[in-house]
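Those protein sequence lines, which keep their order, are chains A and B. Each residue of the first sequence is one higher than the one before, starting from 1 at the first, in my numbering. Each residue of the second sequence is one higher than the one before, starting from 1 at the first, in my numbering.
It should be emphasised that the hints constitute simulated quantities derived from the structure, not laboratory data. Fair warning: there could be bad hints in the mix.
As the list claims (entries may be wrong) - Going by beta-carbon spacing under 8 Å, a handful of chain B positions derived as facing chain A:
#1 8
#2 16
#3 17
#4 21
#5 22
#6 189
Glycine included, every Cβ here is placed at the ideal spot set by N, Cα and C.
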Amino acid sequence: MPAEMELDPDNVSAKSSPSARVVIPGDPVPEIPPSDVVILGPGLRREGPHAIVTRPGVLRHKPLPSSAEKLAPKAIYWVDTHAKRYVAARGEHVIGVILAKAGDTFRVDIGTSEPASLSFMAFEGATKKNRPNALPGDVVYAKLLVASRDMEPELVCVDAYGKKAGMGVLSGGGFVFTTPLHVIRKLLSPDCVLLKTLGDSIPFEIAVGMNGRIWVRCKSVKETISLANAISVAEYMNNDEIKAMSAKLVNALAGF
Amino acid sequence: MRDVPLSNLERQFLLDALEESKRLDGRSTPQRRPLELHFGRVEGTALVSVGETQSDHASLVYAQASASIAEPAVSRPIEGMLNIFVTYCGSAAARFADAAGTAGGDEAVEVTRLLERCLKESRCLDLESLCIVAEEKVWQIRLDVNILSAAAGGVADAASVAALAALAHFKRPEVTLQGDQVTIHPVSERDPVALAIHHYPVLSTFAFFNRQKSGSNAEKIVCVDPTWQEEQVMAGKIVFGVNPYREICTLHLAGQLLIDKSVVLRYAHVASQHAKSVVDLIKNQLHEDTQKRLAGQTEEIGFAFAFKQNSILQNVKPAEMVSTANLEHV
Numbered sequence: 001m002p003a004e005m006e007l008d009p010d011n012v013s014a015k016s017s018p019s020a021r022v023v024i025p026g027d028p029v030p031e032i033p034p035s036d037v038v039i040l041g042p043g044l045r046r047e048g049p050h051a052i053v054t055r056p057g058v059l060r061h062k063p064l065p066s067s068a069e070k071l072a073p074k075a076i077y078w079v080d081t082h083a084k085r086y087v088a089a090r091g092e093h094v095i096g097v098i099l100a101k102a103g104d105t106f107r108v109d110i111g112t113s114e115p116a117s118l119s120f121m122a123f124e125g126a127t128k129k130n131r132p133n134a135l136p137g138d139v140v141y142a143k144l145l146v147a148s149r150d151m152e153p154e155l156v157c158v159d160a161y162g163k164k165a166g167m168g169v170l171s172g173g174g175f176v177f178t179t180p181l182h183v184i185r186k187l188l189s190p191d192c193v194l195l196k197t198l199g200d201s202i203p204f205e206i207a208v209g210m211n212g213r214i215w216v217r218c219k220s221v222k223e224t225i226s227l228a229n230a231i232s233v234a235e236y237m238n239n240d241e242i243k244a245m246s247a248k249l250v251n252a253l254a255g256f
Numbered sequence: 001m002r003d004v005p006l007s008n009l010e011r012q013f014l015l016d017a018l019e020e021s022k023r024l025d026g027r028s029t030p031q032r033r034p035l036e037l038h039f040g041r042v043e044g045t046a047l048v049s050v051g052e053t054q055s056d057h058a059s060l061v062y063a064q065a066s067a068s069i070a071e072p073a074v075s076r077p078i079e080g081m082l083n084i085f086v087t088y089c090g091s092a093a094a095r096f097a098d099a100a101g102t103a104g105g106d107e108a109v110e111v112t113r114l115l116e117r118c119l120k121e122s123r124c125l126d127l128e129s130l131c132i133v134a135e136e137k138v139w140q141i142r143l144d145v146n147i148l149s150a151a152a153g154g155v156a157d158a159a160s161v162a163a164l165a166a167l168a169h170f171k172r173p174e175v176t177l178q179g180d181q182v183t184i185h186p187v188s189e190r191d192p193v194a195l196a197i198h199h200y201p202v203l204s205t206f207a208f209f210n211r212q213k214s215g216s217n218a219e220k221i222v223c224v225d226p227t228w229q230e231e232q233v234m235a236g237k238i239v240f241g242v243n244p245y246r247e248i249c250t251l252h253l254a255g256q257l258l259i260d261k262s263v264v265l266r267y268a269h270v271a272s273q274h275a276k277s278v279v280d281l282i283k284n285q286l287h288e289d290t291q292k293r294l295a296g297q298t299e300e301i302g303f304a305f306a307f308k309q310n311s312i313l314q315n316v317k318p319a320e321m322v323s324t325a326n327l328e329h330v
């Protein structure tokens, strides 16, 4: 039978280290030992010597491999939230739509409150004379170089070595659709079997943007639409259900 | 604010899918989205939703009819007046979010004109019956159409159903004349009277797409009840205002399209079948609403009751504490 959940936050730390609990913004995080060095992930913010929750969801943590360094972090804490609106974060790969050219940069819509800027030079092999052939309306897969609350986000389509690493204008057809952000995180987590299972039977190409947009391309229109629907409905499924759904999908596509 | 722009990829994909007669939401090309109609507690209010209710992919229109007394137009001294006002709610779509957006722009003008041509110029409402004293007093019916959600397209079609339903549902106060004396009876004294509607013209939108491979003379691809993305990609559209008697009241062509007259007649027939089903829907809902009001079941009329039917709160379960001990599978 479910145990009584105590609503008194002061007694939470008295419980025998819960592995996960529901938090709302403003909650303190007594699980973090004050003497430890930890990494605060999304949903948590530091207020003086304490950490405070900023997004509603489930608080989780993971211990990090121990290191000989004195100030090596011991664990990482974060909050799993359900959200649709993307907030730019540095280093994330996103899918954007080019809105316009402005001088030497493209203005790209990535779903944030402001369009991001993408410089002409931030493509592989681009020089002043050799401009990338991207037009307004094209879809790009890029990485966020600058993303802070106070400035407009900046994108690049090259990695630190100057290679494209899969980024750039997405071409050759395909379909772009939007999903909530937690579906993206689920897709990309190593535990989720969705892409692997579908890939065993349907050859496809996919680009997953952390801003909630996904680009897929299969050989035929029917397969592309089915794949997009399969990803959208897998939002609340566990791995067994995903496997069953994929099997049904493949049968339907083969015509049985 | 601007809407998320439709990328070139999506446009191309939409056209490729249409070549195979596939639409992105799984409908076939002649298939319309489901339409739901609810009447409010106040007489003359109607709410229409097209598509799955309460999602990002539904269009929602609210129409309200009201009456006031005014002087008739000099050129038509024995006729009442019907005025239609269309407004877009700020949350209808991202493009309407700011002050400049709520004016509506070209879209609002198009929808307003379509409704005016469909309802006013077709003279579906009997305006002579709205006359109280010739040249002095007539009823002026004001139809307010609020577009609550426009993200999914199909706004004109939904708005015409809502406007018609509001007119059919509305009741004006009873008026009696004794010599020179005009008495307008309050609702408490005499039951209000419904408006006289001759016929019910309903708008129906058809989007046309050019085939990519064959020449421009080839037959075009036609979709009924286009979504917003389909409207961005289409070559042109025809909007019919047809009543169930197959009389065409409104014909509106937009875009870059050359159409044969046989095409117009064929789709007018399809539009008239839609009009018939809409009129049946309005009449059934109106009948149910009237029965409930006559039986005194005031708890079961109005929007609140209609929405409760869809709510998960309909299923009752005794309160119990929820365990958060096992959150690994969230």
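Hint check:
Taking 8 Å as the C-beta cut-off, the interface hint given for residue 8 (chain B) holds, the closest approach to chain A being about 4 Å. Checking residue 16 (chain B) against chain A by beta carbon gives a least distance of about 6 Å; that is within 8 Å, so the hint holds. Annotation: residue 17 (chain B) was flagged as interfacial toward chain A, and the flag holds, the nearest CB pair being 5 Å apart, inside 8 Å. Below 8 Å, beta-carbon pairs count as interface contacts, and residue 21 (chain B) has none with chain A, the closest being about 10 Å; its hint is therefore violated.
Evaluation of the residue 22 (chain B) hint against chain A yields a held restraint, the C-beta minimum of about 6 Å falling below 8 Å. Against a cut-off of 8 Å between C-beta atoms, the interface hint on residue 189 (chain B) is violated, since the closest Cβ of chain A lies about 53 Å away.
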